[in-house]
Amino acid sequence: MKHLLSVEDLDRDRIVELLDGSEYMSDVLGREIPKVPALRGKTIVSLFYEDSTRTRLSFETAAKRLGADTMTFTAGSSSVKKGESLLDTVKTIESMGIDAMVVRHSAAGAPHRVARWIDASVINAGDGRHEHPTQALLDAFTLRRRRGDVTGARIGIVGDVRNSRVARSGIQCWSRLGAQVTLIGPPTLMPERVDGWPVEVTSDLDDILSELDVVYVLRVQQERIGRALLPSLREYYARWGLSVDRAERLKPDALVMHPGPMIRGSEIATEVVDGPRSLVRDQVANGVAVRMAVLWDLIGSGGMA
Amino acid sequence: MSVLIRGGRVIDETGERDADVLVRDGVIAEVGPGLDAAGATVLDADGAVVAPGLVDIQVHFREPGREDAETLETGARAAALGGFTAVVAMPNTTPPLDDAKVVGSVLEHGRRTACLVTVAGCITRGREGRELAPLGELYDLGVRIFTDDGDCVADANVMRRALEYSSALPGAVIAQHAEDPAMVAGGHMHEGEWSARLGIPGRPAAAEVTIVARDLELARITGGRYHVLHMSTAGATALVRAAKAEGVRVTAEASPQHFTLTDAECASFDPVFKMNPPLRSDADVEAIVAGLVDGTIDAIATDHAPHTPATKELPFEEAPPGMLGVETALAVSITRLSDPGTLTLADVLARLSWQPARIAGLDALGHGLPVAVGNPANLCVIDPAETWVVEADRSASKSRNTPWAGWKLTGRVRHTVLRGQPVVINREAHA
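Chains A and B supply the protein sequences, listed in that same order. According to this note's numbering, the first sequence is numbered sequentially starting from 1. According to this note's numbering, the second sequence is numbered sequentially starting from 1001.
Source of the hints: derived by calculation from the structure; they are not laboratory data. As the structure is a prediction and not an experimental result, all values here were calculated from the model. Incorrect hints may have been included.
Listed next, the in silico DMTMM-like pairs over lysine to aspartate or glutamate satisfying Cα-Cα at most 20 angstroms (straight line) [unchecked claim]:
{"no.": "1", "chain 1": "A", "residue 1": "Lys91", "chain 2": "B", "residue 2": "Asp1270"}
{"no.": "2", "chain 1": "A", "residue 1": "Lys91", "chain 2": "B", "residue 2": "Glu1318"}
{"no.": "3", "chain 1": "B", "residue 1": "Lys1408", "chain 2": "B", "residue 2": "Glu1391"}
{"no.": "4", "chain 1": "A", "residue 1": "Lys2", "chain 2": "A", "residue 2": "Glu17"}
{"no.": "5", "chain 1": "A", "residue 1": "Lys91", "chain 2": "B", "residue 2": "Glu1313"}
{"no.": "6", "chain 1": "B", "residue 1": "Lys1101", "chain 2": "B", "residue 2": "Asp1140"}
{"no.": "7", "chain 1": "B", "residue 1": "Lys1244", "chain 2": "B", "residue 2": "Glu1164"}
{"no.": "8", "chain 1": "A", "residue 1": "Lys64", "chain 2": "A", "residue 2": "Glu23"}
{"no.": "9", "chain 1": "A", "residue 1": "Lys91", "chain 2": "A", "residue 2": "Asp119"}
Make the full structure from the sequences, and use the hints.
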């Protein structure tokens, strides 16, 4: 595999392979000196056309833990402001000699375009509303660590699925690993069509709450209100927010996940984020291990130990 | 000067027959078997079809304003290579064609290119959808199609008044880019299964259907002439079919891409497949074909929309909409419609020549007329069974954004004759 562009390109075995690799990297991170020189001499560029804190830092940390050299390019502080096109920017960076490019862009398919333009490996770090494959892998990794197995888990993804790349990648990753996914939220935030998707859809969170093993909460943005998708965030929270009351009605061992950034009180209660069901901190921590595994898999020069 | 088109089979509105065609001083002088003329330039039509020149009532030749993407000259040459002898350039230029001075200068230039380039005028000043453009002044210059194409006239009252006012101008037609702007705001492809999967915000079919439904009612109450540009949905096709049956003065066109390609192409994220209205679903494509077959859709028009590589080589959501079309329209239509037997070749030519010519009033300028003595010699000669592979880099357009690159197509233009002058001879431009 040369690029990681979409979970859609990964079959179950490939996902499991990357999760197993992440397990190894997680062990490395637990060592006294949490580094391996596996990518020494390699150069990895982060090309971020959209604001991101955790994904960019997570990739850069992963690259450094593997001994790679890193460069960062963010749209706000560069030639993009001067009007340079994505194609020209990418070609310019490539000519500096790079092995992998980590691309975050607000337009769906931008990393796929980049992959056609350059020889280096391209990793999708989030493209518009399309996909965010490393987020899906780190979520699966996090759940697998906690439960032992993802197969058979009932996962409810709650919120703005229509506009969520995390959901698009997650749905495919979870279902390929044998989980059952239900999308939950107001019809205005559900995908317009789900033909052929391995999901069920409901707008009644309370009805399904007690059946779920995992509640995966998505961020809901204020800007949806201006576009007539929601009357108000208060009304949203009342029907679809993961409140303390709702959390209490979950199965005893049910877990709560969120890809961040969170708006506490807007989609999820503070007490639930910080409570015992929450995997939110594990998700962030595991992000580094999973991205190490992906980088190693794509540009490493040998089998993983 | 005389030109003898020898050995072909003539197909026009009146029927088919084997005949040579002798052209003298820009006019068809003789039609019949075994013609001879000393000193005439002979164009070999052996095994070929001789037809009235094709007429494209929707192209964007980008002049004035974006001459880096196309000019009247390059666009007209590409059109001539595609068998067209007349085209109607849309008015969404910079500045827009909402003023007699600008329109006059474009028309003047368009009379001297490899294919007659006429223009559509704006419906509203500045294409802003509020005040009427000087429809009468533009009409007096010869403009017959009025449109804000690229944008929909969203205000129902403005649309009503445009239909009303234009009914005083015989032969004028109000042509709508039927997509409700509020419904398609922020959208980049057809809203459906594929947009949901790709996470690309959609432009729903309902945005076209609702505008066409409204406009048909406005055409009904005003008696104005209404034309649906690049109709793309099953829903709008059904509405137009019903309105025609009731006698509403409506015509419609469809583009080759809308009766051939679907939204599934967008999965490549290649912006060459981006256009407005967007490539639709399989069911829509089938409905457009059915509309072409039963006459609901009168014309095939390309919406030839050149963009430079620099503006098109962007992420899908950031790239401008539009595809090239004039060089491939006939071949795609033959490949898709007449080769499989859905339509006869004569039916395809009707939708590419005399029917669009009548919608745009270009019959009065000598286009789409029967191949008969006394008519202006605007003709094309076609190899209907010739197969070829589209190569983007060989296009005569200034731009390269063809969705057909690599397609093996059937049907090719051998010669094109404009006002008696061969402008394309053996697939090579001579103007």
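Going down the list of hints, with the structure as the test:
{"no.": "1", "hint": "A:Lys91 x B:Asp1270", "in the structure": "holds (18 angstroms)"}
{"no.": "2", "hint": "A:Lys91 x B:Glu1318", "in the structure": "holds (18 angstroms)"}
{"no.": "3", "hint": "B:Lys1408 x B:Glu1391", "in the structure": "holds (10 angstroms)"}
{"no.": "4", "hint": "A:Lys2 x A:Glu17", "in the structure": "holds (15 angstroms)"}
{"no.": "5", "hint": "A:Lys91 x B:Glu1313", "in the structure": "holds (13 angstroms)"}
{"no.": "6", "hint": "B:Lys1101 x B:Asp1140", "in the structure": "holds (12 angstroms)"}
{"no.": "7", "hint": "B:Lys1244 x B:Glu1164", "in the structure": "holds (19 angstroms)"}
{"no.": "8", "hint": "A:Lys64 x A:Glu23", "in the structure": "holds (18 angstroms)"}
{"no.": "9", "hint": "A:Lys91 x A:Asp119", "in the structure": "holds (10 angstroms)"}
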